[in-house]
Structure formats: C-alpha cells, structure tokens
Amino acid sequence: MTSNLNNPAFNYNQDTIKRAKRALSCSCFRLKLFQDMRNQSVPIQKIAGETGIKSGYATQALSESKTEDKLVWLINVGLLRREVDGQGLTDSFRLTPLGREIVAQWEQEKNEIPPASLKDKVYNRLNHWLK
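Every letter in the sequence shown is one number past the one before it in my numbering, and letter 99, counting from 1, is 1142.
Hints listed in this document are in silico derivations from the structure and should not be mistaken for laboratory results. Don't take each hint at face value.
EDC-like mimics (lysine to aspartate or glutamate), calculated; alpha carbons at most 20 Å apart, straight line [stated by the list, open to error]:
1. 1109 / 1134
2. 1075 / 1058
3. 1162 / 1150
4. 1064 / 1152
5. 1089 / 1134
6. 1174 / 1058
Here are the computed distance ranges between Cβ atoms for each label pair [stated by the list, open to error]:
7. 1148 / 1170: 18 to 26 Å
8. 1102 / 1172: 16 to 24 Å
9. 1131 / 1152: 18 to 26 Å
10. 1092 / 1140: 27 to 35 Å
11. 1151 / 1128: 27 to 35 Å
Glycine residues also receive a C-beta, built at the ideal position from the N, C-alpha and C atoms.
Sequences are here, hints too, so could you generate the full structure?
See below:
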C-alpha cells in the first residue's frame, strides 16, 4: 500500500495507481480538464464535440455518448466521480482524491499527461473490454 501524500487518510494499492495512471495516459483528454475538475464540476457538454477541443479539454471531438463512455471508464478506475444534486446524478464530473493525487504529481513533473506506450494502450483496452 502507498499513502496519498496530500491526504494520509487515503491509501491506494500500487496496482490501483498504475491502472489509473495508465487509463488517464490512454485517454483522449488533456491535463487542463482534470485541473479544472479539481476546483469545479465540469459538465459533459463542455467536454464533448468541438467545444471540448476549444476549451483545451480534449484531443479529439467526440459525441456526448462516446465522451461519457470514456469518462465512465475513468470513474471505474477511480479517477473521477459524477456530481450529485438533490435529484440524483448530474451530467457533470469531478476528480476523486486519487485523481487529485495523480494530477498534482504530473503537474509537478511536466505539467502534462505523459504519453501512453503501446503496451499501456493494449493493457488499458483489455481492462476496459473485460470490465
């Protein structure tokens, strides 16, 4: 187990951290999206399509349904959570404590999401497919 340096109350298994980093590196999203999600929820309409590219959130324009699928995968690996209001789930997303830890680490290193290797892409795709 490894401790979260920012919040010692959260402990993450090394495999959990590796899987989350791999998923984030393989995603079509830019670090700016996750930096913004750290401070506020971001609705899917600002991430999908040309708006996502213009906002600096995405590397490619995706439909809302494809964007949601990719964000749900990041929820499944522990990086994101959906916002909840009085009526239930919303269409907005925020970082989890694990997501905050990884984003903070990458900001300090190169201020970008490191590119995924071919091995990481294959492994991430298999994990996504098997879930």
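Tested hints:
1. 1109 / 1134: Holds, at roughly 14 Å.
2. 1075 / 1058: violated (25 Å)
3. 1162 / 1150: It is violated: about 24 Å lies between the C-alpha atoms, which goes past 20 Å.
4. 1064 / 1152: holds (14 Å)
5. 1089 / 1134: holds (10 Å)
6. 1174 / 1058: holds (16 Å)
7. 1148 / 1170: 18 to 26 Å: Given range 18 to 26 Å: holds, Cβ gap about 21 Å.
8. 1102 / 1172: 16 to 24 Å: For residue 1102 and residue 1172 the Cβ distance comes to about 21 Å; the hint holds.
9. 1131 / 1152: 18 to 26 Å: violated (37 Å)
10. 1092 / 1140: 27 to 35 Å: holds (30 Å)
11. 1151 / 1128: 27 to 35 Å: holds (33 Å)
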